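Fit chain B to the given chain A structure using the hints.
2 protein chains.
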Amino acid sequence: MRATTIHAPGDIRLSDVADPTIDLPTDAIVRVVAACICGSDLWPYRGENDIDPGSTIGHECIGVIEEVGADVRAFRPGDFVIVPFDHCDNTCVHCVNGAQSGCVNLGFTLSGQAEYARVTQADGTLVSTGGVPDSALMPSLLALSDVMATGWHAAVAAGVTPGSTAVVVGDGAVGLCGVLAAQTMGAQQVIALSRHAPRQAVATAFGATHIVAERGDEATERIMELTGGVGADAVLECVGTAQSITTAFDAVRPGATVGFVGVPHGVELPVRRMFRNNVGLAGGMAPVRKYLPELLDLVTSGAITPGLVFDQSLPLDDVAEGYRRMDQREAIKVLIEP
Amino acid sequence: MRATTIHAPGDIRLSDVADPTIDLPTDAIVRVVAACICGSDLWPYRGENDIDPGSTIGHECIGVIEEVGADVRAFRPGDFVIVPFDHCDNTCVHCVNGAQSGCVNLGFTLSGQAEYARVTQADGTLVSTGGVPDSALMPSLLALSDVMATGWHAAVAAGVTPGSTAVVVGDGAVGLCGVLAAQTMGAQQVIALSRHAPRQAVATAFGATHIVAERGDEATERIMELTGGVGADAVLECVGTAQSITTAFDAVRPGATVGFVGVPHGVELPVRRMFRNNVGLAGGMAPVRKYLPELLDLVTSGAITPGLVFDQSLPLDDVAEGYRRMDQREAIKVLIEP
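From first to last, the protein sequence lines are chains A and B.
Counting from 1 along the first sequence, just add 103 to a position and that's the residue number in the numbering used here.
Counting from 1 along the second sequence, just add 103 to a position and that's the residue number in the numbering used here.
Calculated from the structure, these hints are not laboratory results.
Keep in mind that this is a model prediction, so the values were computed, not measured.
Here a beta-carbon is modelled for each residue, glycine too, at the ideal position from N, C-alpha and C.
Be a bit skeptical, because a hint or two may be false.
The following residues of chain A were derived to be distant from chain B, with all beta-carbon distances above 10 angstroms [claimed, not checked]: (1) Ala121; (2) Val167; (3) Ser231; (4) Pro301; (5) Thr312; (6) Asn381; (7) Gly387; (8) Ser416.
Pair ranges (Cβ atoms, derived) [what the hints assert, rightly or not]: (9) A:Gly266 - B:Asp119: 48 to 56 angstroms; (10) A:Asp126 - B:Thr264: 33 to 41 angstroms; (11) B:Pro265 - A:Asp114: 51 to 59 angstroms.
Bound conformation, chain A alone (with noise of 0.2 angstroms):
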């Protein structure tokens, strides 16, 4: 099949790759019908994360149901699916704990930016859109794979109630998603730390009330304007570099918490503040699987709309030049159409 592989950092390539198989009776294989490049993947692409040359890349993805294994009971082949990038078996005592992300037999999506994708635990995993959705949903359904699924989870693990103030670090896809999040979860106040024009439209599509453009301690006074000197009620970190972090807990509240989906990258904690002001962190890789029924309501009932966040589409065979755009920000997220 054709799937996108990298070599070395900057290098993307569209290769011709063994078609996934069955290799476990609870798998299966998905027919890839959207894809996009994840924020995530831009850390090998930039050289920060560890790279095995020529392996496939690409953890989102919506499609149809090409084969089971022997074992999947509740598919079968023609189902149009979401896949959440962390695969589960919905059983385990993590999964029941609502940490699907921690499952025992936790797995990934591995060629999400592909034509076809092996699902492990399959019947944990997926979830059916029940029936070939409208082309208009198919972003916002996309978005449900991981980039609104992890926005969801920052604004859960940072304790986002009805009338809260709520910061967002990030103007990410994730960070945009968490916009959205919070403001559906009934925040009041959504602070949005964004200096991108399109960003900016976007946060405010999302239901931002307010746009901090400032960065570092400009933004942490601008916040405490906004907030009568207090801070925020709940913080969303959804970039997880040194700086947003710290952006983070300059923003929260004494007593509040700071829910981070940003895997973090040369991050040191700052303990005795966070003891001090009895601040919490919370957070990590989302379990998805955990919120797909709620958000596919969410996005089937048009209560939201996180497909907004791809601003471009391109053929898998352009799937470099996607990288590139999001790598040089003259995109948001890019989805890719095999």
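Same frame as chain A, now just chain B:
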């Protein structure tokens, strides 16, 4: 008045110092009826914290109001009160948010191990016992000024719920109170880490269902055995050292929270591990005033007897001996009577 002073590591004295005075109209002076030595007093005693030579020390006490400032409305001389170690107005936005230890008018008891103590923001800080308590209740009421409220905060921060599994790291008086808190909140399994028989006995009296005497990796193995390989639903970290924090993160299940109340010393948080396992950290200095009404009810109704943490009593004259015994772990916690 006679007051405990610290002059250098290991150098605790009983000194004659000036009586505390009403400096602000919101102050009150409390005649100390019972006081005690805190595990955190041992940090400067052991030379781990800076010392201002000759300064008074001690922040846990109960007593009778001697004098109030002109703006104090809720209390009058003669009232018997519990004195939270952290003073707060209980009306500012942080207090209203339940983060009284982040009060904009935060203050501290500075001469608790003495004849008199000044209490700032008296109307917000103090809680009356409604008359002179029975002498048998005194130790448990004294425990509410810090140690029991701090153990309670660990359990709240860790998210202990009815039926859950809780691990308590640390068998100091705070850890033991954490056991009592977890048991009172309905944890089904309360695993106390302790290898000292007298502390094990108190932990068991407080409702520990299991005692783990091992340390390090062996402690983790034992906890995993006891929790069916899952890890605990809630971990109370009641020490504050690098080793105790590591043990706490080793013991917690994916998706759960470590509640920490031991002032961190030399601690580096495992941020990537927290992210990978979706393990949160919450806690800090206890908002004592927040919990006092509930804890006072529990003590006066006989539901909890946190005063069992005091295994020794000494007159104020012998306070230096009390420090020595706690430092040498010859006593769990020493009650001081002026």
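For this structure, which hints from the list above don't hold up? 6 and 7
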